[in-house]
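Engineer: Given only the sequences and the hints, what does the whole structure look like? Please build it.
So the sequences go chain by chain: A and B.
Here the first sequence stands for residues 0 to 425, where the numbers follow numbering that gives the first Met the number 0.
Here the second sequence stands for residues 0 to 425, where the numbers follow numbering that gives the first Met the number 0.
FYI, nobody ran anything at the bench for these hints, they're computed from the structure.
The structure presented is a predicted model; accordingly, all values stated were derived computationally and were not measured.
Wrong hints could be hidden among the right ones.
Pairwise CB distance ranges, derived in the manner of DEER restraints [stated by the list, open to error]: (1) D75(A) x V407(B): 26 to 32 Å; (2) M137(A) x L150(B): 22 to 28 Å; (3) P393(B) x T111(A): 57 to 63 Å; (4) S335(B) x E295(A): 32 to 38 Å; (5) T168(A) x I410(B): 38 to 44 Å; (6) R186(B) x G302(A): 56 to 62 Å.
The beta carbon of each residue, even a glycine, is placed where N, CA and C say it ideally should be.
Number of protein chains: 2
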Amino acid sequence: MAALSWVESANGGSSDFPLENLPYGVFSTAGGEPRCGVAIGDFVLDVAALEATGVIGLDGGPYLTEPRWNPLMAADPTVWAALRERLTSLLTEGSADRATVEPHLVPLAEATLHMPFRVSEYTDFYAGKHHAFNVGTMYRGPENALPANWLSIPIGYNGRASSVVVSGTEVVRPWGQVKRPDEELPRFAPAARFDIELEFGTIVGRPSKGMVSVAEADEMIFGYVLLNDWSARDIQTWEYQPLGPFQAKATATTISPWIVTRAALEAFRTPTPERERPLLPYLREPRPLGYDIALEVGLTPAGGTETIISRSNVRELYYSAAQQLAHHTTCGCPMSTGDLLGSGTISGPEKGNRGSLLELSWNGKEPVELADGKTRTFIEDGDRLTLRGYAQGPGYRIGFGECTGVVVPAIDLPEWASETGAAAAS
Amino acid sequence: MAALSWVESANGGSSDFPLENLPYGVFSTAGGEPRCGVAIGDFVLDVAALEATGVIGLDGGPYLTEPRWNPLMAADPTVWAALRERLTSLLTEGSADRATVEPHLVPLAEATLHMPFRVSEYTDFYAGKHHAFNVGTMYRGPENALPANWLSIPIGYNGRASSVVVSGTEVVRPWGQVKRPDEELPRFAPAARFDIELEFGTIVGRPSKGMVSVAEADEMIFGYVLLNDWSARDIQTWEYQPLGPFQAKATATTISPWIVTRAALEAFRTPTPERERPLLPYLREPRPLGYDIALEVGLTPAGGTETIISRSNVRELYYSAAQQLAHHTTCGCPMSTGDLLGSGTISGPEKGNRGSLLELSWNGKEPVELADGKTRTFIEDGDRLTLRGYAQGPGYRIGFGECTGVVVPAIDLPEWASETGAAAAS
Chain A
0 MAALSWVESA NGGSSDFPLE NLPYGVFSTA GGEPRCGVAI GDFVLDVAAL
50 EATGVIGLDG GPYLTEPRWN PLMAADPTVW AALRERLTSL LTEGSADRAT
100 VEPHLVPLAE ATLHMPFRVS EYTDFYAGKH HAFNVGTMYR GPENALPANW
150 LSIPIGYNGR ASSVVVSGTE VVRPWGQVKR PDEELPRFAP AARFDIELEF
200 GTIVGRPSKG MVSVAEADEM IFGYVLLNDW SARDIQTWEY QPLGPFQAKA
250 TATTISPWIV TRAALEAFRT PTPERERPLL PYLREPRPLG YDIALEVGLT
300 PAGGTETIIS RSNVRELYYS AAQQLAHHTT CGCPMSTGDL LGSGTISGPE
350 KGNRGSLLEL SWNGKEPVEL ADGKTRTFIE DGDRLTLRGY AQGPGYRIGF
400 GECTGVVVPA IDLPEWASET GAAAAS
Chain B
0 MAALSWVESA NGGSSDFPLE NLPYGVFSTA GGEPRCGVAI GDFVLDVAAL
50 EATGVIGLDG GPYLTEPRWN PLMAADPTVW AALRERLTSL LTEGSADRAT
100 VEPHLVPLAE ATLHMPFRVS EYTDFYAGKH HAFNVGTMYR GPENALPANW
150 LSIPIGYNGR ASSVVVSGTE VVRPWGQVKR PDEELPRFAP AARFDIELEF
200 GTIVGRPSKG MVSVAEADEM IFGYVLLNDW SARDIQTWEY QPLGPFQAKA
250 TATTISPWIV TRAALEAFRT PTPERERPLL PYLREPRPLG YDIALEVGLT
300 PAGGTETIIS RSNVRELYYS AAQQLAHHTT CGCPMSTGDL LGSGTISGPE
350 KGNRGSLLEL SWNGKEPVEL ADGKTRTFIE DGDRLTLRGY AQGPGYRIGF
400 GECTGVVVPA IDLPEWASET GAAAAS
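Structural biologist: Structure (structure tokens):
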């Protein structure tokens, strides 16, 4: 049974942001500075103002004076719990504080959303088994599809924090070195095989020094976002051996604008998939640490109609976020407040569950059918890609808000990058 | 002809820190707080104090109020030049300011050195051709040694900024997943093949948005350090396919404590090696952008004598720092003040020029002979590894100071990572 808020639009089960959610973002309104806010129904609550006026008071605070949640994320988890409890109390139906709080509600429709936190470092994992199998099959055949280490290690690589952007940011098609199999030498060209990756993002709150257990890792996690790891497949194919993806993944990584807290998702824990090979002790889960969160991907051509091209679920991930984070610390690597971990592409078992166009079009060989008779193998200029996700509770759902971006054409080639310009410079 | 300073120990050609160098660090003395300093001869000049008292005044300043050089690194290059000019004037023989400045000199022997800047993100390249060829030969044979893309792309991967430490920091041998070829499944164990990588580190001053040319990239660079990219070869072998090195490289990356400015090294430019395949226009250099900087690596067993196990030179790098940085921006990846780029291991053509124990011992098959009749294949607990480097000018040399670290034993296995502990938790 859903809890009721005096913010009517939060009730009824159709909002992403009921009283059970209370996700954290950063917003601004026309002419105003960005500040911390909490989504409730069709509104953002200006919690920075509530803290400044003393309506919210937290041990060791203030935490919300900057337009980012990092100071709170670095605080003790008892402070995280205290804020959630206070917000729930302020917003519950019948709250004596309604008259004080209500003036600080801003319609979501009037708010511009910004990056909710400063990303310290960004790591991208590869924990979707169907994705790893599909991609491996395309490149190495089904017998050698899954790398030998895949069932033992949550494989990950370091990505580029500076390229993480908030939902709504335009994504400029990248230039890069590309080479088709029939070409002898690479060309410098805009990526022709630009793609999405449907992922779940984990945000580290408490830092670590030294190796941590899976249970400790789980407690370090502050919250989650949807994450689209935009990928230039043709750049990646040419560059990734032997040291992994680099420029193919550094154009942009888009996250949804609201940090959905770990507390809000606790009711949606589910076991990770059955182990096909026993895990080493340090990776074993003390309890179910996966999540049941429905996901979908929409593609909208410029001026066209959206088609849902994929439906998947976070529960497909073979390794939980806590397992990934624990593995990340094995060598002694310090983890910091604001670190962001991408899960890897979350594909499901069926064709309609695939989380990238690479898989959906099977490496460009099977065009994906869209509304209005259109088709796609990879992203075309003007396409809007949108990830959505929610956990369904009894009479309510915990939503993430949209994680969206439009791909715009590559920039013109600078003169110095052209054959004539470089000759002049030399 | 070397310029003379009234700081006598800076003159004579044997100091790493003559008047021509003026490298930037962060230091503290007993009981004091870390602050910005400049090395001159056997002293550190407390430039934070000189700025605070108005002896140094820079447009848009103050820049030196925090114990890190990032604020100055983010400033306009005219400010970089103004500071260098002012410091040169203050420290030159016959300076009228000697009486004002001299009280702010602290003997280097009494100073503790700290990280000179906050590392934003860390990227490691693979631009040493002899190294790439040696490693490729060991793993794939000499015919397939150099990856197909190597002569076209400055290959790089993202590393972990949180693990970058200053010279002198102890390095704890990491745990990780390892598997020998004769083993069916991996074990969790301390790395048995722990290694160094002799590298040159580049520090980004001015940030970028969008693609930049090689010439523009060069102008973004603030300075350089020596860099040891500690590497667990056995962890790397098992984890690195298909997405590259991860935990194998995240235990620690040690940098020398002084930022040697680009200005100080300008006299030591040298062409990068002859191209064996034409570069794409965006990577062509407008002028020689390599450096002639001699390098060496010393290994000192606990309580023993140091042996110089390798001598190399930065001029061996096939791609310059400016080429690496320009490539880093091709996809639109924003580069930030404080980004650190490792060059890749700098090996030379002969056995005695190899920049890692992996190469020196040829994958453990040819032990390296040390003083006192000792040998090494990889690092043993208690070993101190020290990188040194300098550019030799007429009557002076531009040195980096030592980049050193002692490897200490791995921590005891936590109970939760043991078979019995994990069983109890499940």
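Engineer: If a hint holds in the structure, say so; if it does not, say that too.
Structural biologist: Here's how the hints hold up against the structure:
Remark: the range hint 26 to 32 Å for D75(A) to V407(B) is upheld by a beta-carbon distance near 31 Å. Hint check: M137(A) to L150(B), Cβ distance near 27 Å, so the stated range 22 to 28 Å holds. Checking the proposed 57 to 63 Å range against P393(B) and T111(A) shows it holds: the Cβ atoms sit about 59 Å from each other. Judged by the Cβ atoms, the range 32 to 38 Å given for S335(B) and E295(A) holds: they are separated by roughly 34 Å.
Between T168(A) and I410(B) the Cβ separation comes to about 42 Å, which falls inside the hinted range of 38 to 44 Å. Separation of R186(B) from G302(A) is about 57 Å and conforms to the stated range, judged on CB atoms against 56 to 62 Å.
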